[in-house]
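Here's the letter readout for the chains.
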Amino acid sequence: MSDVEILFLIIAVVTLLAALFVVTTPNLVHAALWLILTLFGVAATFVLLNATFLAVVQVVVYIGAIAVLMIFAIMLTRRVMKDSGPQTNANWGWAALLGLTLFAGLTFVLINSGAADASLPALAADVDPLVQLGQELVSPNAYVIPFELASVLLLAAMIGAIAVAWKE
Amino acid sequence: MGDPINLISQWFTNLLLGWGLAENLVIVISLAIGAAIVATLGMITVIALIWVERKIAGRLQDRLGPNRAGPYGLLQPFADMIKIFTKEITTPDGADKVAFNIAPVLAMASVLLIWAVIPFAATVVGTNINVGVLYIVAVGSFGVIAVLMAGWSSNNKFALLGAFRAVAQMVSYEVPMVIALLVPVLLARSMGMNDIVAAQTPWFIILAPLAALIFLITSMAEVGRAPFDLIEAESEIVAGFHTEYSGMGFGMFYVSEFLHVWTIGALIATFFLGGWSGPGAENLPILGILYFYIKTFIGYFVITWIRLSLPRVRIDQLLAFNWKFLTPLALVVLIVTAIVDKSLEMVGVERWAYALIMLAANLLIGWATVLILKAIEPARARQRVEFEPRPVAVAPKPTDN
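Going down the list, the sequences are from chains A and B.
Going by the working numbering, the first sequence opens with residue 1, and the numbers climb by one from there.
Going by the working numbering, the second sequence opens with residue 1001, and the numbers climb by one from there.
Bound conformation, chain A alone (with noise of 0.2 Å):
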């Protein structure tokens, strides 16, 4: 094995297993906390693929936004010190079932697909990566248009959020 590969396996097995915990810890401040080393664990993901830009945009946006918001709401509910209930519900079985048949499922198409043979091309030395990235999402012939739709999506978001808390 590589170096490179030791290393994704690392960062995939801390991730995966952060992941579980965020399902199984029955405190949801640790939860949370769980939750940030899975995203971390997807940012050092992105690293090991050269994407360095999707990285810290992860972190940034994952970590320093969604995960901040998410805990800060939690503590704003009563007895966060304390453990919820159980984890579990009688519909256990089947979400194990559905996780399961989404996991083989997505497991049969990368491998049918040749994905999982590839390895990663290299990158063109004489281009900025992240000038290329930028240039393609407002570029017409490449994501301009899903581009401008998300921004549009999420300015109405906050239009909606702004429209919702105002009084009068």
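Calculated from the structure, these hints are not laboratory results.
Misleading hints may appear alongside valid ones.
[Claimed, not checked] With a straight-line cut-off of 35 Å between C-alpha atoms, the simulated DSBU-like cross-links for lysine-lysine are:
#1 A:Lys167 - B:Lys1374
#2 B:Lys1097 - A:Lys167
#3 B:Lys1157 - A:Lys167
Use these hints to put chain B onto chain A, whose structure you have.
The following block gives chain B in isolation, referenced to the frame of chain A:
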């Protein structure tokens, strides 16, 4: 001979390679040693800073500051260090032990991590990643998490209240801070820290004084120093999120706060004061380090000066100032800078004319802001709610049993 740091690093790498170690391993070892040196340097700087800050505070408040231990009180920080090292570290009953003890480490790490991308000189930089600016914002968010963890795990109402205030403040002020940071990125056409330094002819404080001002204000709020220190307002919530910490647990929060202020000085120097650049710095990187430290100290001194001069603001003033003033101003500055920059590039003007027009655009925005503030001030004065005066102390009403 002008670059001793790379010389030593080169020599060390060759030494390890000569021992027959694999090349990858040698890179990992030298990077780890470099990281350890940078982190240690940061913490050693804090020892000096504590003395400097107390001396500045003393002078500004018309007193002497520490002057008992050693000449000019220079040994005072060491006395404090020995004291804090020998104190017992307690974990309160009912606290969440793991989170409680990780939080100070995380707070420290979030500040030290920033130093990984700061260029000390043309050739002395931890890693010159192409997303340096965004990386700084990203590791800053670990600081928010550390505060949340500390406040929540202490199992103390005051700590929790302090954490709430801290997070509300940090998350809000991050918005104008990131927008203000976009201005140097836009002017330098890069998010890499060394590229931003290299692009500063003239310094960005001339091209973007308003962005520099917004960055200064917002980063002071990020650290939670006066006038934004209602995170740990002693008269209201004991000590905020670190109420329950003792010994080195508190010490780490304390050191990380000092180091954060110094780091902000370094960021202001890098983004707006030309970083390591100066006469002769290209050929003699050791001079660049000197310039960098001088500029960092200027930023640090200004922050300390403001801290010691202004009273604490209220939470509503703090949030209103951020959302109703700083954020719109930062957006306007960003849009105007982008438009002016692009049009000047299309026209193709000389560099000095470019700088002059940029400065004029910033002054124009500043002038317009003052005019708008003056125009809405009477309207705001009318809105001010007058409360019924309440007696300060009244005897409780006798209750019928």
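Check your understanding: Failing hints, ascending?
Key -> When the structure is compared with the hints, only number 2 turns out to be violated.
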